[in-house]
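Engineer: What follows is the residue order along each chain.
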Amino acid sequence: MLTIARLFGKSPFAPLQSHMNKVASCMEKLTKIFEALSHHEREKIERLVADLSSLEHEADLTKNDIRNHLPKSLFMPIDRTHFLEILSLQDSIADMAEDIGITLTLRPLDYLEDFQKDLSFFYSKTMEVFWNAKQIIEEIDELLESSFGGIEAEKVKSLVEETAFKEYESTLLERLLMKKLFSEGDKLPPPSFIHWLKVVEGVGQLAKLSERLANRIRMLLEVT
Amino acid sequence: MELFSFLDIAILVIGFYMAWNIGANDVSNAMGTSVGSGALTMRNAVIIAAILEFSGAFFLGANVTETIQSSLIDTTQLMGDPTTLVIGMCGALLAASLWLQFASYFGLPVSTTHAIIGAMLGFGGLMGGMQGIYWDEVGSIALSWILSPIFSGIVAYFLFSLLQKKILFAMNPTMATRRFLPYLIGVVFGTFTLSLLFNGLGSLSIDFTFPQTLLISLLVTVFATLISLFIVRRTPEPASALATVAHLPHTLISIDKAIKHLRRVRAASDEGSKDEISRLLNEMQVLAKQMREKTDFSARTSEYAVVEKWFGSLQIISACFVAFAHGANDVANAIGPVAVVISTLSHGAVQASSPIPVWLLAFGGVGIVIGLATWGWRVIETIGKKITELTPTRGFCAEFGAALSILIASKLGMPISTTHCLVGAVLGVGMARGIRALNLGTLKDIILSWIITIPASALMSILCYYLLKAIFT
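Protein sequences, first through last, are from chains A and B.
One gets the working numbering by counting positions in the first sequence from 1 and adding 197 to each.
One gets the working numbering by counting positions in the second sequence from 1 and adding 6 to each.
These are calculated hints, taken from the structure and not from any lab test.
The reader is advised that the hints may include incorrect statements.
What the hints assert, rightly or not - Derived pair list, reagent style BS3-like, types lysine-lysine, alpha-carbon separation capped at 25 Å: (1) A/K229 x A/K314; (2) A/K260 x A/K405; (3) A/K405 x A/K395; (4) A/K207 x B/K172; (5) A/K229 x A/K322; (6) A/K207 x B/K315; (7) B/K295 x A/K269; (8) A/K384 x A/K314; (9) A/K405 x A/K229; (10) B/K172 x A/K354; (11) A/K314 x A/K207; (12) A/K269 x A/K322; (13) A/K322 x A/K241; (14) A/K207 x A/K241; (15) A/K395 x A/K322; (16) B/K391 x B/K450; (17) A/K395 x A/K377; (18) A/K354 x B/K171; (19) A/K322 x A/K354; (20) B/K315 x B/K391; (21) A/K354 x B/K266; (22) B/K266 x B/K280; (23) A/K354 x B/K263; (24) B/K392 x A/K269; (25) B/K392 x A/K207; (26) B/K392 x A/K354; (27) B/K295 x A/K322; (28) A/K314 x A/K241; (29) A/K207 x B/K450; (30) A/K395 x A/K376; (31) A/K229 x A/K395; (32) B/K263 x B/K172; (33) A/K395 x A/K314; (34) B/K172 x B/K315; (35) A/K314 x A/K377; (36) A/K354 x A/K376.
As the structure is a computational prediction, the values presented were derived from the model and not from experiment.
Turn these sequences into a full structure, and let the hints steer you where they fit.
Structural biologist: Written out as structure tokens, the structure reads:
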């Protein structure tokens, strides 16, 4: 008659973190793709994007698994809807990474040398935002232990503020990059111009989603 | 008379089996988490639980046993027919154990308390119809079944909230624990002394007036506080990162606050001082940045592990209280009907009520201990592995709430389900954001098995009565 044992459900937080790890492996792949991009290695990009797609699919499976094993009767220290939102933000980051990768394979690339350099700088800034958000998700264990308050919450709060600031920096970079693209865009054939436009927008989205994810966690804290 | 001596032995055997069952299955509620968290070894847990379960049953078991013996059904209507009563009690006890066996086979979360009450009511109803049952008393018992888990939940909720405020949300949790723990231990001991002594200790015929009880509890509180203060002082501070980290996180937070306030000052000040304040603010921000680089947050947050370690000892204390309270309340489930039979047989006639013989309480206590020693430790092991979630801070709050609730109920003579009290207390901690995932579906099962158990064991009790009657007469 292990009533007490049955009262304790399976914690969904460890699977949430392992989903984030899968998302992070998508991001690592995307970083490799951008490296290949700066070396103009088209074939390598194609191969890496295929890898990225399968990683994203794996992440999707994990996500569905978590959702399917989250019965309404499970009582957690955070709202169920909140939890699902965090999960879906993580998922959309992986989706966005895949989208960017696929966009890069849609047609042969026309390069603008100066723009290329700025793009990879912008990309590395968005990656900083993402890895910050990843670090916050890793802190969930400790947050649960302190029940979302105290020194741990202060730590997460400062991480969130850092994330928000980096996102702001990346927005500034995005604006500059867009300016450059629009002023030099007439050197490119129109499809290529739209191509790069989509890439820049996509990378910008990565930063925005990561920042939103960080802020979602911020809302769970018991500190003001 | 030969029939009587046979039934005498038979009911003792069934009663022993019930006590064994209680010891085997339910003691794990008290000890499971302490063993699971490593605060206690299995051997020590079994020894401690055995001592406390026995003393609970022996010193405090009479209250609830009397309720089951004489307040549930009207035995006086069987004045002239002791054989029927004795057979009926055997049947009730047999029915309860059969139902428990059946339920655990199908994995239903039933409570021994509910089973035995249902079985008693079944026999009472069969004999006297509606008049055969003291409905007032049954009503108040049913009420206590609802109130006791709620009460333990509320206690656990507020206790955990207090721990959050004082320890978990503190900027230096280890220091806060060292400061706060002795007083907490004092209050825990004081509360239990108070709830143990009020109304007197029946079987020891110790009786204190309320002011005396209060005074004794106060003394216990002070004494326990002083001892634990002493122990905490003697325990050296664990070699934490205190010395190696240049700046502590809370100084960093303070400097952040200072910057925030300076900004406000700048916004409110006039042109003359504005430049000066801006310069100050700049310096502060540079300083804060330097400090932030040198601050190691992670060294600090690992302190929660230290806090949990401290609370391990407190969890053992609360587990002891649960074991004691459990013995006090649940021994009645096994020996309540036996007490009826014993008093009838010893007087040769049906008694309205009679004092519970001390040897019977000891008998029940021994049954529980043997159940614990032969089978219960396995269940403790299983529970301990399954609920690692209940870390010492959480476990302490839940067990304190449950133990207090069970102890009060035992003093009032209310036969309640200890498991349900613990479930209520765990939910209370969960409400205070203390537990990662709780299956609220279990609650549905509990309520459902509540509703099923009473009529089912009543029905089985009636069947067992007819069966035994057919065999023996």
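Engineer: If a hint holds in the structure, say so; if it does not, say that too.
Structural biologist: Taking the hints in turn, this is what the structure says about them:
1. With a C-alpha separation of about 15 Å, the suggested pairing of A/K229 with A/K314 holds against the 25 Å cut-off.
2. With a CA separation close to 21 Å, the supplied pair A/K260 and A/K405 stays within the 25 Å bound.
3. Between the alpha carbons of A/K405 and A/K395 the distance comes to roughly 15 Å, so the proposed pair stays at or under 25 Å and holds.
4. Of the supplied pair hints, the one linking A/K207 and B/K172 is violated, its CA atoms being roughly 29 Å apart against a limit of 25 Å.
5. Straight-line distance between C-alpha atoms of A/K229 and A/K322 comes to about 15 Å, which keeps the hinted pair within the 25 Å bound.
6. For the hint linking A/K207 to B/K315, the alpha-carbon distance of about 24 Å falls within 25 Å, and the restraint holds.
7. A hinted pair counts as satisfied when its Cα atoms are at most 25 Å apart, and B/K295 with A/K269 does not qualify at roughly 45 Å.
8. Distance restraint check for A/K384 and A/K314: the Cα-Cα separation of roughly 17 Å lies within the 25 Å cut-off, and the hinted pair is therefore satisfied.
9. Our distance criterion of 25 Å between C-alpha atoms is met by A/K405 and A/K229, whose separation comes to about 21 Å.
10. Taking the CA atoms of B/K172 and A/K354, the gap is about 20 Å. The hint holds against a cut of 25 Å.
11. Distance hint between A/K314 and A/K207 is unfulfilled; the C-alpha atoms sit about 47 Å from each other, more than 25 Å.
12. Distance hint between A/K269 and A/K322 is unfulfilled; the C-alpha atoms sit about 39 Å from each other, more than 25 Å.
13. Taken as a hint, the A/K322 and A/K241 pair is honoured in the structure, with Cα atoms around 23 Å apart against an allowance of 25 Å.
14. The suggested pairing of A/K207 with A/K241 is violated, with an alpha-carbon distance near 41 Å, which exceeds 25 Å.
15. Proposed proximity of A/K395 and A/K322 is supported: the alpha carbons are some 18 Å apart, at most 25 Å.
16. A C-alpha spacing of about 24 Å is found between B/K391 and B/K450, which places the hinted pair at or below 25 Å, so the restraint holds.
17. Restraint check: the Cα-Cα separation between A/K395 and A/K377 comes to about 14 Å, which is no more than 25 Å; the hinted pair holds.
18. Straight-line distance between C-alpha atoms of A/K354 and B/K171 comes to about 18 Å, which keeps the hinted pair within the 25 Å bound.
19. For the hint pairing A/K322 with A/K354, the CA-to-CA distance comes to about 20 Å; that is within 25 Å, so the pair holds.
20. About 18 Å separates the Cα atoms of B/K315 and B/K391, which keeps this hinted pair within 25 Å; it holds.
21. Our distance criterion of 25 Å between C-alpha atoms is met by A/K354 and B/K266, whose separation comes to about 15 Å.
22. Between B/K266 and B/K280 the CA atoms are separated by roughly 15 Å; this keeps the pair inside 25 Å, and the hint holds.
23. This hinted pair checks out: A/K354 and B/K263 have alpha carbons roughly 14 Å apart, not beyond 25 Å.
24. This hinted pair checks out: B/K392 and A/K269 have alpha carbons roughly 22 Å apart, not beyond 25 Å.
25. The suggested pairing of B/K392 with A/K207 holds, with an alpha-carbon distance near 10 Å, which does not exceed 25 Å.
26. Of the supplied pair hints, the one linking B/K392 and A/K354 is violated, its CA atoms being roughly 33 Å apart against a limit of 25 Å.
27. Distance hint between B/K295 and A/K322 is fulfilled; the C-alpha atoms sit about 20 Å from each other, no more than 25 Å.
28. Restraint check for A/K314 and A/K241: the C-alpha separation of about 19 Å stays at or below 25 Å, so the hint holds.
29. Of the supplied pair hints, the one linking A/K207 and B/K450 holds, its CA atoms being roughly 18 Å apart against a limit of 25 Å.
30. Note on A/K395 and A/K376: the hinted pairing holds, with a Cα-Cα distance of about 14 Å set against a maximum of 25 Å.
31. Restraint check for A/K229 and A/K395: the C-alpha separation of about 19 Å stays at or below 25 Å, so the hint holds.
32. A threshold of 25 Å between alpha carbons decides the hint, and for B/K263 with B/K172 the separation of about 21 Å falls inside it, so the pair holds.
33. As the CA atoms of A/K395 and A/K314 are separated by approximately 17 Å, the hinted pair is consistent with the 25 Å bound.
34. Between B/K172 and B/K315 the CA atoms are separated by roughly 17 Å; this keeps the pair inside 25 Å, and the hint holds.
35. Taking the CA atoms of A/K314 and A/K377, the gap is about 12 Å. The hint holds against a cut of 25 Å.
36. With a C-alpha separation of about 33 Å, the suggested pairing of A/K354 with A/K376 is violated against the 25 Å cut-off.
The structure is inconsistent with the numbered hints 4, 7, 11, 12, 14, 26, 36, although it conforms to all the rest.
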